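The chain contents come next:
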Amino acid sequence: MKFGIVINEGPYTHQASDSALQFVKAALHKGHEIFRVFFYHDGVNNGTSLGVPPQDDRNLTLEWSGLAEKHGLDLVVCVAAAQRRGVLDEDEMGRHGKSANNLAPGFRISGLGQLIEAGIQADRLVTFGD
Amino acid sequence: MATLHTVNKSPFERNALESCLRLAKAGSAVLLFEDGVIGAMRNTRFSDKVTQAMNDFSIYVLGPDIQARGLDNDKVIDGIQVVDYNGFVDLTTEHDTVQSWL
Amino acid sequence: MENGEGVVKKFCYINRKAPYGTIYALESLEVVLIAAAFDQDISLVFADDGVYQLTKGQDTDGIGMKNFSKTYTALGDYDIKKVYVEKESLEERGLSAEDLQALKYEDEDDDWAEKDSLFVVGREDLVKIIDEQDVVLSF
Numbered sequence: 001m002k003f004g005i006v007i008n009e010g011p012y013t014h015q016a017s018d019s020a021l022q023f024v025k026a027a028l029h030k031g032h033e034i035f036r037v038f039f040y041h042d043g044v045n046n047g048t049s050l051g052v053p054p055q056d057d058r059n060l061t062l063e064w065s066g067l068a069e070k071h072g073l074d075l076v077v078c079v080a081a082a083q084r085r086g087v088l089d090e091d092e093m094g095r096h097g098k099s100a101n102n103l104a105p106g107f108r109i110s111g112l113g114q115l116i117e118a119g120i121q122a123d124r125l126v127t128f129g130d
Numbered sequence: 131m132a133t134l135h136t137v138n139k140s141p142f143e144r145n146a147l148e149s150c151l152r153l154a155k156a157g158s159a160v161l162l163f164e165d166g167v168i169g170a171m172r173n174t175r176f177s178d179k180v181t182q183a184m185n186d187f188s189i190y191v192l193g194p195d196i197q198a199r200g201l202d203n204d205k206v207i208d209g210i211q212v213v214d215y216n217g218f219v220d221l222t223t224e225h226d227t228v229q230s231w232l
Numbered sequence: 233m234e235n236g237e238g239v240v241k242k243f244c245y246i247n248r249k250a251p252y253g254t255i256y257a258l259e260s261l262e263v264v265l266i267a268a269a270f271d272q273d274i275s276l277v278f279a280d281d282g283v284y285q286l287t288k289g290q291d292t293d294g295i296g297m298k299n300f301s302k303t304y305t306a307l308g309d310y311d312i313k314k315v316y317v318e319k320e321s322l323e324e325r326g327l328s329a330e331d332l333q334a335l336k337y338e339d340e341d342d343d344w345a346e347k348d349s350l351f352v353v354g355r356e357d358l359v360k361i362i363d364e365q366d367v368v369l370s371f
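Protein chains in written order, with the numbering used here: chain A, 1 to 130; chain Z, 131 to 232; chain E, 233 to 371.
Just so you know, the hints here were simulated from the structure itself, not pulled from any lab data.
Predicted model, so just to flag it, every value in this text is computed and none were measured.
Computed spacing ranges between beta-carbons, pair by pair:
#1 G94(A) x T305(E): 30 to 38 Å
#2 D56(A) x T223(Z): 31 to 39 Å
#3 D220(Z) x R325(E): 35 to 43 Å
#4 T305(E) x D123(A): 34 to 42 Å
#5 K179(Z) x T254(E): 24 to 32 Å
#6 G354(E) x R199(Z): 33 to 41 Å
#7 A132(Z) x E33(A): 19 to 27 Å
#8 G94(A) x D357(E): 46 to 54 Å
#9 G157(Z) x E324(E): 22 to 30 Å
#10 Q121(A) x R355(E): 27 to 35 Å
#11 D343(E) x G94(A): 48 to 56 Å
#12 D357(E) x T223(Z): 28 to 36 Å
#13 G97(A) x Q211(Z): 48 to 56 Å
#14 K360(E) x F142(Z): 26 to 34 Å
Note that CB positions come from ideal geometry on N, CA and C, so glycine has one too.
Chain A with its partners taken away, still in its complex shape (with noise of 0.2 Å):
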């Protein structure tokens, strides 16, 4: 069965991103496709590279970049949530004139359509949020 998965939450402050990560790592376990992550909210959060969480922690971004990698995932961070809250890939650094770029390998920035598309694409379509 193919899965969209949508995560509302930032990494660390809520669980969502942590359950989002076992439930997906059991339905692939399973045989099923994930059709494609999409990241909303503070969720965007994930996907900034520049996080340092302690040595005996898991760092949530690389885990999901690490998943990305071995299965092909798609993992998209919403723009205009991303813009809002500092998180660009180098073309939305140059485009918005900012220093510095911090999206993680694995993800990609892209618009909302990509939400939607997912609950059309999809079997079904799993939040994890707040």
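Take the given structure of chain A and dock chains Z and E to it, following the hints.
Structure of chains Z and E alone, referenced to chain A:
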């Protein structure tokens, strides 16, 4: 069409569980996870309401979130089924729609 | 439309939080405005504190935030014609339909007559409406 409703907040903190039980159609399934597992525990102020709701809904609770909070599966209200993440995935495929009560 | 052309699903956006205290109401509205371009069957539901998103007379001058409440009245222009407000949620909060903005759309099949798009519905009806949906997004 049967829906799986997910509730991730404690009934002591938010009205998500209450709203879910109010607006979900009878015959739906409800999964309690994250802080939502507190709603599955016996002997709380909400236990009677949740027990009552089991006349209309199949209620499930995510075991790993119970253990993480130092609670015990033995303390789960009778009739609520404990599932792991594999079970969570199965519940989503067995139902047509998944609705999160955020 | 990219991918998914021809597929029409029933999308429901459920709003249960008051505006301004958190960003969910505003960013939910942003999703809905984009969703309108996808030719899907859209319903909006306002229940619990979500009913406060639709109140008349919002004035955010004193809190330094953008007042986005007028955007709800433009939903009709985006062909969003089904906005459901739970009657009991209004009553529990001492509100009635008169406290809410009027939401209208122009019916192209009826010589562009202006019609209501906001429906105050009782709990039992709302249960049925939500249960009919294919995709439910909660904010």
